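Engineer: Using the sequences and the hints given, assemble the complete structure.
Chains A, B and C, in that order, are what the protein sequence lines are. Numbered according to the working numbering, the first sequence spans residues 1 to 354. Numbered according to the working numbering, the second sequence spans residues 1001 to 1391. Numbered according to the working numbering, the third sequence spans residues 2001 to 2284.
Think of the hints as simulated: they come from the structure by calculation, not from any bench. Computed from a predicted structure; not experimentally measured. Take the hints with a grain of salt, since some may be wrong.
[Said to hold, decoys possible] From the structure, some residues in chain A lie toward chain B, with a derived Cβ separation under 10 Å:
hint : residue
1    : A35
2    : F178
3    : Q306
We put the CB at the ideal spot given by N, CA and C, even for glycine.
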Amino acid sequence: MHADPTAETATPSSTADAVRRRLVRKGRWSVAEIAFWLVAAATLVFLPERHLILNEIAIIGLFALSLDLILGYAGIVSLGHAAFFGFGAYAAGILAKHGLADPLLGLAVASLATALLGFATSFLVLRGTDLTKLMVTLGVALLLGEIANQASWLTGGADGLQGISMGPVLGLFEFDIFGTTAYAYSLAVTFVLFVIARRIVVSPFGLSLRSIRDNPLRARAVGIPVNRRLVAVYTLAAAYAGVAGALLAQTTQFVSLDVLAFHRSADIMLVLVIGGAGYLYGGLLGAIGFKILQDILSAWTPQYWQFWIGLILVVLVLAGRERLTDRVKALWPRSRPSPDGKAQALPVTPAREV
Amino acid sequence: MRRRTVLSAAGAALAILAFGGAASAQEAMKIGLILPMTGPFASTGRQIEAAAKLYMQQNGDTVAGKKIQLIVKDDTGVADVTKRLAQELIVNDKVGVIAGFGLTPLALAPAPLATQAKVPAVVMAAATATITEASPYIVRTSFTLPQATVPMANWASENGIKKVVTLVSDYGPGIDAEKAFSGAFSAKGGQVESLRVPLANPDFSPFLQKVADAKPDALFVFVPSGVGAQFMKQFVERGLDKSGIKLIGPGDVTDDDILNGMGDVALGAITTHHYSAAHDSPENKAFVEAFKKANNNMRPNFMALGGYDGMHVIYEGLKKSNGAGGEALINAMKGLSWTSPRGPVSIDPQTRDIIQNIYVRKVERVNGELYNVEFATIPSVKDPVKAAKSN
Amino acid sequence: MLTILFDGIAYGMLLFVLACGLAVTLGLMNFVNLAHGAFAMAGGYVTAVLMNRYGVPFLATLPLAFIVPAIVGLLLERTLYRPLYGRSHLDQVLFSIGLVFMAVAAVDYAMGSQQQLIQLPAWLQGRVDVLGIQVGLYRSFIIVICGVLVVALQLILSRTRFGSRLRAAVDDPRVARGLGINVSMIFATTFAVGSGLAGLGGALGAEILGLDPTFPLKFMIYFLIVVTVGGTSSITGPFLASLILGIADVAGKYYVPSLGAFVIYTLMIVVLILRPQGLFARAR
Chain A
1 MHADPTAETA
11 TPSSTADAVR
21 RRLVRKGRWS
31 VAEIAFWLVA
41 AATLVFLPER
51 HLILNEIAII
61 GLFALSLDLI
71 LGYAGIVSLG
81 HAAFFGFGAY
91 AAGILAKHGL
101 ADPLLGLAVA
111 SLATALLGFA
121 TSFLVLRGTD
131 LTKLMVTLGV
141 ALLLGEIANQ
151 ASWLTGGADG
161 LQGISMGPVL
171 GLFEFDIFGT
181 TAYAYSLAVT
191 FVLFVIARRI
201 VVSPFGLSLR
211 SIRDNPLRAR
221 AVGIPVNRRL
231 VAVYTLAAAY
241 AGVAGALLAQ
251 TTQFVSLDVL
261 AFHRSADIML
271 VLVIGGAGYL
281 YGGLLGAIGF
291 KILQDILSAW
301 TPQYWQFWIG
311 LILVVLVLAG
321 RERLTDRVKA
331 LWPRSRPSPD
341 GKAQALPVTP
351 AREV
Chain B
1001 MRRRTVLSAA
1011 GAALAILAFG
1021 GAASAQEAMK
1031 IGLILPMTGP
1041 FASTGRQIEA
1051 AAKLYMQQNG
1061 DTVAGKKIQL
1071 IVKDDTGVAD
1081 VTKRLAQELI
1091 VNDKVGVIAG
1101 FGLTPLALAP
1111 APLATQAKVP
1121 AVVMAAATAT
1131 ITEASPYIVR
1141 TSFTLPQATV
1151 PMANWASENG
1161 IKKVVTLVSD
1171 YGPGIDAEKA
1181 FSGAFSAKGG
1191 QVESLRVPLA
1201 NPDFSPFLQK
1211 VADAKPDALF
1221 VFVPSGVGAQ
1231 FMKQFVERGL
1241 DKSGIKLIGP
1251 GDVTDDDILN
1261 GMGDVALGAI
1271 TTHHYSAAHD
1281 SPENKAFVEA
1291 FKKANNNMRP
1301 NFMALGGYDG
1311 MHVIYEGLKK
1321 SNGAGGEALI
1331 NAMKGLSWTS
1341 PRGPVSIDPQ
1351 TRDIIQNIYV
1361 RKVERVNGEL
1371 YNVEFATIPS
1381 VKDPVKAAKS
1391 N
Chain C
2001 MLTILFDGIA
2011 YGMLLFVLAC
2021 GLAVTLGLMN
2031 FVNLAHGAFA
2041 MAGGYVTAVL
2051 MNRYGVPFLA
2061 TLPLAFIVPA
2071 IVGLLLERTL
2081 YRPLYGRSHL
2091 DQVLFSIGLV
2101 FMAVAAVDYA
2111 MGSQQQLIQL
2121 PAWLQGRVDV
2131 LGIQVGLYRS
2141 FIIVICGVLV
2151 VALQLILSRT
2161 RFGSRLRAAV
2171 DDPRVARGLG
2181 INVSMIFATT
2191 FAVGSGLAGL
2201 GGALGAEILG
2211 LDPTFPLKFM
2221 IYFLIVVTVG
2231 GTSSITGPFL
2241 ASLILGIADV
2251 AGKYYVPSLG
2261 AFVIYTLMIV
2271 VLILRPQGLF
2281 ARAR
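Structural biologist: Okay, structure coming up:
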């Protein structure tokens, strides 16, 4: 709508204009995106029998989205993202157990608490190679898991945190046994946070993150405060993961030690990579694909479903995962060719190396 | 190309599921069996599933005019998955009973659901004492750790053991066992020192060294079944058996499932438990034989028995309630008593926990294979934790 | 005290044999092979099956526990791994996790989910008193075997023609290829040896660490810790790291049992923050 070809001159202000126009254009919603969310909303009505697993998908989708913020956009690999997920879950669970049963209050507290934790631990991941980061984040998650195990007076230890009873959402909607309220609640929260994340990644802040990811040295050289940006996004992602964990705690009304376990961090990494990192929808699509596949396979063969999941992963990689996800990504506006033909203006974002 | 085959396979699987769901008869009683079928506790799930299927095979699939249908789900040992599966089974599959539950948190997570939906939940494995208090719809057919542990403490103090070190895995059942043992043993004037090992612990050697340094008369040990073998081997490797330290504990450490593979290191260990595959009764001989025949010569352990008796409780409860579910079924289950392969048992009407004999056993070689041979019986033991509360 | 040290060394040695193959693939070939534990498991199962079903003596199974995973590793390297050398690490993680899942389920299907147990020969059981220290025979056996392996590996890497070629191929595969070194062949051999060593480690560790289908997942974290803390640029780094971790783990559990599991993770985080490249990485 601001397209004005006469502005294509070499003055600094016109460059700023061009960038601004580009960002605005990227910020527009495409048909595929609107359709995606409409379908998601429609499942509330059309798939009443599947609300429980859909609730889990929404939560995992949000969790994967949070990992995408740091992995896909800022290039920080993490094998310990469950630290924040679990911390949020315990924060919300403990709060509800002690009488503060309002779900939204729980979300707010959980997100603040995990943001603090994220801020504190973000300084650990600023240095080192990818492998180092993987192991440091993993170590943080394992340590938290041990702490939760030892502090059984607070967390219930290995037996899990019991006695959570949640109040109604907004004081109106009780959580029901069919999981409808739970799903609607998780979906709404996921959607709101998605919109915020979408806004952030197309902002100049998001742009600076991607330039850090693609080349930290150059980013530093052009004056981007690299460390500060990374700390900021890591804190944000932690808060997102905390909200996802809080949603799980509130909708299942139970928290056990495995919210912090290694397999949760590893699974979420798989989900994100399957869906494709670096375009926000990757986490959501990965969550849908992974959970549905797992549900079908484990209903079919409860003992050996892992074999088929493994086979699918192997085939997926050998068949060229990146090509597949790139094709899906082409549905979103960012990868469409820009009308002014400036294809080089932004780097395309293939899933980056760990 | 290959991706397409995968997709179509997935589609086919979906179609089968959809048809399978539609074909179920109206007069069916569905039982949702939720177990860890993969992951570190998979062997628990396997034993229970095999036993439940064996029971159905032996007793037919029609009870009180209802066709019994078993739906097995894998919760991978993760509590929130157990809860979701239970919820899906109740809401979508309309199951009349949920059962299984391999570990304490896995049994506690769905407990509120059982209350809310009035669906009886039969706990076939998890052994923390408090589980049956989490919902009035929970019935247990396995055992509680204090139930198996307190007799051990009594036996030890009666047999000249004065100083004991306890070594337990650091989680619900382990702590239960530790508390029950120390409480009962020090009440009899014994001296106890406690050690806890992390649940995920590849190497016991440092803890065993501590035991060796403490020089107790006996080492009381509780580790989840499966880890027991490693523990035994390291116990002997460290020479603790030769320095005169007796190995005692509830029967998890000499689990029948792996006992024979442990070899001579296990010989002489004294345990108290509610079931041994070597229990001498016609019911048990028939059970062990049928179980081995159906499962490629796998020996049943106490997990399998929990599953087998769990199915029995469901069947008998349905007979008594004339096929009605919900509250009628749970009330029918209360007070049931029968002769199980483990001996005479009954369901305590107050606590819905199982009352059973606890046996003192010693590992011996019988016909070339290692077994827990029972040599003393403490009849009709109630869960001591809940019994103490009600007094 | 000295007994604790001894146990820690044995544990560390075992970790090293299990993990050194991973150090090679990760550090030298830059391939994130999370399926490494699956090869270790294969070795363990070779030993368990041969001993329990066919009555082969323990020592005789050890070479096979090396050879079988090595051959499997070689085959997989030639067919599946090789196309992925140039791919992103995320792809490699996804692929090797997939392999682990398949291995876990397949072993479960073939062998059942219970623990596999082996009977050590009598001369390896028990312990003896050496200069006042209680020494486990089997642990001494592990230390001796692993010690020999470490020396041999170090000699091969630093003294033989193959070693120098390997180092050249790692430092710069293109130049190495230009000099007429068959890089692909070297990688395949290295991979096979790494897998074989893991298998041997699995066979040796079955007695102490246990062996069931979830082995590769259970110990993946330990392997990764050894490799990252030790750094991936040499054999000595992971070796020293294994020893430190083994001793710290055992001593931590002995002296502060309530903090048992904290020790190893805290140690790792501290080391990685102070030395992001690993404790013994060469300066680059």
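Engineer: Just pull the numbers of the violated hints for me, sorted ascending.
Structural biologist: Checked against the structure, the only hint that fails is number 1, while the rest are satisfied.
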